[in-house]
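**Q** Now for the letters of each chain:
There are 6 protein chains.
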Amino acid sequence: MAHKFIKEIAPGEPIDDIYMVREPILRSTTRGDLYIAMFLCDRSGQLNGRMWQATEAIYSSLPKPGFIHIQGRSELYANKLQIIVNNISVVDAEGVCLEDFMVRTDKDTGQMFEDVKAIVGRIKHPGLKALVGEFLADTELMEKFCTAPAATTLHHNYLGGLLEHTHNMLRVAVAILPLYPRLQTDLVLGGIFLHDIGKTEELAYDMGFSYTDSGQLIGHITKGLLMINQKADGLTAKGTTIDRPTLDALGHIILSHHGQYEFGSPKLPATAEAFMVYYIDDLDAKMSQVTAAIDNEPGDSNWTGWKNALQTRLYRKRME
Amino acid sequence: MAHKFIKEIAPGEPIDDIYMVREPILRSTTRGDLYIAMFLCDRSGQLNGRMWQATEAIYSSLPKPGFIHIQGRSELYANKLQIIVNNISVVDAEGVCLEDFMVRTDKDTGQMFEDVKAIVGRIKHPGLKALVGEFLADTELMEKFCTAPAATTLHHNYLGGLLEHTHNMLRVAVAILPLYPRLQTDLVLGGIFLHDIGKTEELAYDMGFSYTDSGQLIGHITKGLLMINQKADGLTAKGTTIDRPTLDALGHIILSHHGQYEFGSPKLPATAEAFMVYYIDDLDAKMSQVTAAIDNEPGDSNWTGWKNALQTRLYRKRME
Amino acid sequence: MAHKFIKEIAPGEPIDDIYMVREPILRSTTRGDLYIAMFLCDRSGQLNGRMWQATEAIYSSLPKPGFIHIQGRSELYANKLQIIVNNISVVDAEGVCLEDFMVRTDKDTGQMFEDVKAIVGRIKHPGLKALVGEFLADTELMEKFCTAPAATTLHHNYLGGLLEHTHNMLRVAVAILPLYPRLQTDLVLGGIFLHDIGKTEELAYDMGFSYTDSGQLIGHITKGLLMINQKADGLTAKGTTIDRPTLDALGHIILSHHGQYEFGSPKLPATAEAFMVYYIDDLDAKMSQVTAAIDNEPGDSNWTGWKNALQTRLYRKRME
Amino acid sequence: MAHKFIKEIAPGEPIDDIYMVREPILRSTTRGDLYIAMFLCDRSGQLNGRMWQATEAIYSSLPKPGFIHIQGRSELYANKLQIIVNNISVVDAEGVCLEDFMVRTDKDTGQMFEDVKAIVGRIKHPGLKALVGEFLADTELMEKFCTAPAATTLHHNYLGGLLEHTHNMLRVAVAILPLYPRLQTDLVLGGIFLHDIGKTEELAYDMGFSYTDSGQLIGHITKGLLMINQKADGLTAKGTTIDRPTLDALGHIILSHHGQYEFGSPKLPATAEAFMVYYIDDLDAKMSQVTAAIDNEPGDSNWTGWKNALQTRLYRKRME
Amino acid sequence: MAHKFIKEIAPGEPIDDIYMVREPILRSTTRGDLYIAMFLCDRSGQLNGRMWQATEAIYSSLPKPGFIHIQGRSELYANKLQIIVNNISVVDAEGVCLEDFMVRTDKDTGQMFEDVKAIVGRIKHPGLKALVGEFLADTELMEKFCTAPAATTLHHNYLGGLLEHTHNMLRVAVAILPLYPRLQTDLVLGGIFLHDIGKTEELAYDMGFSYTDSGQLIGHITKGLLMINQKADGLTAKGTTIDRPTLDALGHIILSHHGQYEFGSPKLPATAEAFMVYYIDDLDAKMSQVTAAIDNEPGDSNWTGWKNALQTRLYRKRME
Amino acid sequence: MAHKFIKEIAPGEPIDDIYMVREPILRSTTRGDLYIAMFLCDRSGQLNGRMWQATEAIYSSLPKPGFIHIQGRSELYANKLQIIVNNISVVDAEGVCLEDFMVRTDKDTGQMFEDVKAIVGRIKHPGLKALVGEFLADTELMEKFCTAPAATTLHHNYLGGLLEHTHNMLRVAVAILPLYPRLQTDLVLGGIFLHDIGKTEELAYDMGFSYTDSGQLIGHITKGLLMINQKADGLTAKGTTIDRPTLDALGHIILSHHGQYEFGSPKLPATAEAFMVYYIDDLDAKMSQVTAAIDNEPGDSNWTGWKNALQTRLYRKRME
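Protein chains in written order, with the working numbering: chain A, 21 to 340; chain B, 21 to 340; chain C, 21 to 340; chain D, 21 to 340; chain E, 21 to 340; chain F, 21 to 340.
Derived from the structure by calculation, the hints contain no laboratory data. Some hints could be false.
Identical copies carry no separate label here, and so any pair may be met within one copy or between two of them.
Stated by the list, open to error - In silico DSS-like pairs for lysine-lysine, Cα to Cα no more than 27 Å straight-line:
| # | residue 1 | residue 2 |
| --- | --- | --- |
| 1 | 100 | 337 |
| 2 | 100 | 84 |
| 3 | 258 | 144 |
| 4 | 84 | 127 |
| 5 | 306 | 127 |
| 6 | 24 | 327 |
| 7 | 84 | 27 |
| 8 | 24 | 149 |
| 9 | 164 | 258 |
| 10 | 258 | 306 |
| 11 | 84 | 337 |
| 12 | 100 | 127 |
| 13 | 144 | 337 |
| 14 | 84 | 306 |
| 15 | 144 | 27 |
| 16 | 144 | 327 |
Okay, chain A solo, but in the shape it has when bound:
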């Protein structure tokens, strides 16, 4: 049975479906009766939920957050839609169609990953080639790479977003590198492939998008560098050594790809290849933000609302 999406619910409908529950609170009414206030959500939005005649036991059983199957009814209260919940049963995440709850890229992830492999397959430098091979051979990591979002907000903030962003950057690089023949193609392609690989550890995306503790304390930039050095150590243990200058040149691209200290780069770009990766990353992330902001604005006004990350409202009227 198809999921009933939050934003499709009308007032007065019976509800019998799975939703994610967030921030449940146990409260008491004026008369002293217990009830549970909660948010019920899926990828389309969220509503207030109220379970009257609740018990401590029911409250304790709730995941915070997690999935629950509820039975109840929608109603309007103070002009806002809410859901009156009569029964709750906790549902395991395994049995849930995650895509009902988190947005996923509308591109074909299998095809994109094939493209990525084809593009980085052009790398000829033996050390870089071996290192990139180590990453591609780590199937568990590559699965995360194909599933993770690229950010919790701002741009490519959906399942598969990291792959989509990396894929697009690689395609931009392939298109423009012939115009800048002095650059070392292998470094640019390897740098783009791995520039955000630390996000597989920085972000949690099994239940909405958030940061792991480790992600917040260390950050994806430093984590990416640690992963590269661990793969290189692994290579060395197998008898293939990637020379230090090449590893440092690659590491420098990762450390500097935010381009400015205040965006968390501990180093500013200092090689031609690092500048190129920084500019392609910035261009692709911003074009994605701009396009999403224009597409997602409801109504038909010529202007979107203020977009803080872009420091502007966007004009979206097309030429006639």
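Since the structure of chain A is already known, use the hints to place chains B, C, D, E and F on it.
**A** Showing chains B, C, D, E and F alone in chain A's frame:
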């Protein structure tokens, strides 16, 4: 006879050639004799010149700056090379091979301009097409467009630099626009073609590179907008009207293409196309600066000196 | 019959008057009945309006925004006053007393404009005099000049504000120019007269104060420069030429009068006259803001609330 | 006998006059002979001086800095003028015409001080009037007020500069206060009169312009506040009390008159009068800087050199 | 009878206790009946209060703000607790236990003050010793010093906070001064003791924490300097003179202890001792903020909410 | 034989000693003879050196930079001392007393290292204790730790500086941690011990102080993190696992200890312990800079010259 370049002069050589004279000053020695101190330069560098036994009349006849034919001799003084000038005759700029005195792009300007015309020839929007046509039909302006530098310092600071920079940006746009299908191609191509057109009026480049008074007071961004509006007024007078929203969308690209207020843009990018032009401009200008800084650094150190505009020294050792 | 101002309405009053309607929305109640939620406003404030038993047809007929004549009743709901609307008829803006809906300067605009003409009448430089004359002769533009606000928020944000601000700046200039005899009086007076002339095209003020699309994309500073150049082109066509250095010096004042890049000036002041106009503009705008903030603060506290544009609370206790 | 100014000295002249000596150093030649290197200066400039065959005793006797009478001869060395000193005798500052050594305002200080007294004589508020009277009655302080420069560099950096700047600000205030009738005239006039009074203690100007130790550690803003409170304490001791709110309002003007924290104001303007004094101070100081920069640039170029404090080169061509 | 704290009140309880009333407003219902809306608070929080059937007389009698004894009942309204007030009588602040209304340090203020006296008792420099003695002998001031908060928000924002902060800074100084033997201990200890003494006049803390008018206009930094100079003048009058360089060195510490212009320091640290006091102040204030933020966050999340003054969320999970 | 220090050389002395040679250049005189220009330096300063009658072979044999034994003579040229070199022989760094060429801490490094071991010996957390033990057991690394400078400029820029700075920070922590009992002592001590450990790889200090290529591309902060993770991996291989949250908390201290993005920290402090380490690092580094600036200023002026890193001149007159 080939020009004797400044940086090829050795101590003790006789000199009989044309140089640009700059900042001549009439001074008197301890004994009261008059002499002229001056800089003598060409595109390869400059040296101090001294004319002993000078007169007020000779000094007054000198252009400040301009071209002179001198006869004299090189010598070392306090470990620095200088030129002792015996005779001076003023030379008209017409009779001078300008390329001996100003660096010129090493690309083929005729071919680049053909490419530019071919690329903007793809524009289909009738108003934009007509406006671009007005610019292409202004042969005097197009000659300046093919000759002007893109800047006095920093990037593409040589004759033909404006054309080379515009040409490369157009090629980048053609390469990556297919990856961003929501953008209006016509606006991006027209915007790039005209984004720096005001530099033809802002910069003086007949005698070294500098700013015109009008260029310093008004700036190339505003001048570009004035030129577009004058061409549009001209079109209207001929019976072809470009609608105001299209003209404003194009004008907005020009006004915002520096991307930040502190770089002289009175508006920040607020359309998808304006963001795209800003990013392509920034990428091409910076890649040009980075490549030039790496190529022009003498010696074989792994690092260049500090580059203030890039806020870094550059590492230029290539992978082995 | 005098307009019943929003802030004079008490609970429980019958309402039969014209108001501006903003952001009307068609909604349905829990039972499925349609109703319209809207804001009703005039220059004194705004209230929520509710029309129960609405129809799609009524909703579609509403201007968004625009003027409507309503019949209904005021009531308190959840401690806030709202208006229950029984009948709606759309009203043409022509038949409305605009001053009921937008604040107007309390100064005499006719007298202020006479003063302005008298002061700029002192200009002696033939080119500037002719150019200023072109503006004064453009009666349609001068009518806008006398009606437009100087801003949508911050300072002189009322009908006639642009004239009042320009008028006061000219009076300040006349008072202090004798103390700075090195400045070219004609340039200062002409520069002040025209410094914000682009606001007549940047701002819309027929239905509340807002920006035009063209105003947001191009800005009043650049528009001012375009207008000056168009008037100069017009003069040339009539046989009177204003020399380029004078036009550039005037244009530079307009481009630089915000004094800082981050306030949208593409050029910083670089002439004595540009500095003077920038300082007088800043002083008059800020004194207007300070005075308005002190006067408009309700209650009798010694301090106003925080004023973000001034980065302070204001102390308004007067000496005894 | 008139002083021979440094910038009037030609090569090969005999010298017999008083100059200020700065930074004398005792050195030895290759052969081991002692000589003294020093700067010799007056208000028109400075030259290197050399005394060969010097002794430890002569060196020890020299003031560092101070006035000396020298006998010797000018000569050119390595294309620069220097003075060979044969005899030195130390001169007491009392016997020296200070104006030969420090620039003085070319305005009439007596007349300016009369004007200042007349303008602050308009103050009617009894407390402020009494406080201003205490300052005017302190003849020793008023003498410093009429002699001190307004700054060591930047603006009004000459003897009498503090008076000239204060005088001009008061005249600006008198001219424009009628246009801003909501302001308390007494506070503005009193605030201007005393805004920089602490400079009489912050700056040393008996031997060139510099900061006192106390001036550097405490600053003229805080010193001004201390002086006002001490005068108010003195008034109280005499039986006249100035109420605390008035004293705080005046003190606030002094503390905030630099308008920005980074210019050393510990408080930002928070009263209408403080804003007015800040703007008048900024306008008068900047117009003085701009005018001086334009007047002092040698040569006839349309543009001055870069002026760091104004963040621009200045265009000084006048309209024709 | 123990005070019933706001956050302990449940719905439906009878209320008969003293609370602080804030922002009372007289309103009328739809039917025209008068009622009073107000906030009722103590140190644990605040609630809305409503007195129906109120009169103008009752409203006029209310302090704004102040203490009142109320009788009434708690109730839930729109899911929020409020208090229905039946009777009001005004209570004098004298008869109130202030600690029920304002948070107080949980340290022993008597002991802390003894410690402070013991530590500054180590000062040996005669002038500083005498000056510190003048402050200690001013019992009225010392009582304020022991009672005042250190700030209205951010850190040590409770009664006794100024003493606690000063006490802790002195202990840090005593602990680390032996590691920095080049510093003048007397200046550091005296500087810490007096660095925030002006807060006794800047802050009002008899009825919640706020700024005095004088405090906002002048600030505690400048007030501290005025107090030191007044005490020094008092000493001089008694025949003990503290030399100017020592007084300036102490004053400089107070003026510069915020370390940056934008935090209200008119001077940046320029002595070793001023740097030390600035660093100890910053360290103690920030460690207090960090600890309070971690302790006061409800729930058991590993992370606190965003703390703007610290520009971070705080991670508070302890090592296992 | 004791080394003759550069700053002890007088004009006309015979020279026969070892110096470091830097930037040697082969040039030709006017007559075409070859000579070598070079800098000769030791820890006390540097002089120009000239070897006339040089050959290509001699020039090629010179280290750039490195140690040479020279024979020659000092002389004054254009008022500056230089050394005329007659013979050159290259010297191996092994045979050189490095302390003649690089400044070394005047503290006892053996004793300081014992202190460091004793202080970190207090750590009780098993994982941290084991990790710190791994570092202490790495004798090669510990030797670098005891020898490296803490910086190339600014503070502790001498051999042993890293140890001295770490040692002093640990002592400060031991002194003040009892005053902040909520902090986890083990984390603070471990964090301080390792905060700059990456400098052993970032800095080169065998021949003057400079950055390694790897140090410039990656930086000591990231290198420190890599070292910690490698040691932890080593521990794991030996069967002792340090839990991830503890390793992240320690890593976070290292990443954030510069406290601000623009100083190269990719993360801002987000734990109480990270704040503490940041403040102690800043305090100790700045007190070291301040003290050095005061001690190293020649002459007896009350003020040092401008110190850019401290944004001030320093006042160093002590109280009397």
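**Q** Hint by hint, note whether the structure agrees.
**A** Quick rundown of the hints versus the structure:
no. : hint      : result
1   : 100 x 337 : neither (32 Å within a copy, 38 Å between copies)
2   : 100 x 84  : both (24 Å within a copy, 24 Å between copies)
3   : 258 x 144 : within (20 Å within a copy, 37 Å between copies)
4   : 84 x 127  : neither (31 Å within a copy, 38 Å between copies)
5   : 306 x 127 : within (19 Å within a copy, 32 Å between copies)
6   : 24 x 327  : neither (31 Å within a copy, 38 Å between copies)
7   : 84 x 27   : both (22 Å within a copy, 25 Å between copies)
8   : 24 x 149  : neither (48 Å within a copy, 50 Å between copies)
9   : 164 x 258 : within (25 Å within a copy, 29 Å between copies)
10  : 258 x 306 : neither (41 Å within a copy, 40 Å between copies)
11  : 84 x 337  : between (43 Å within a copy, 18 Å between copies)
12  : 100 x 127 : neither (35 Å within a copy, 47 Å between copies)
13  : 144 x 337 : between (46 Å within a copy, 18 Å between copies)
14  : 84 x 306  : neither (34 Å within a copy, 33 Å between copies)
15  : 144 x 27  : neither (51 Å within a copy, 41 Å between copies)
16  : 144 x 327 : neither (42 Å within a copy, 31 Å between copies)
In the structure shown, a violation is registered for the earlier hints numbered 1, 4, 6, 8, 10, 12, 14, 15, 16, in ascending order.
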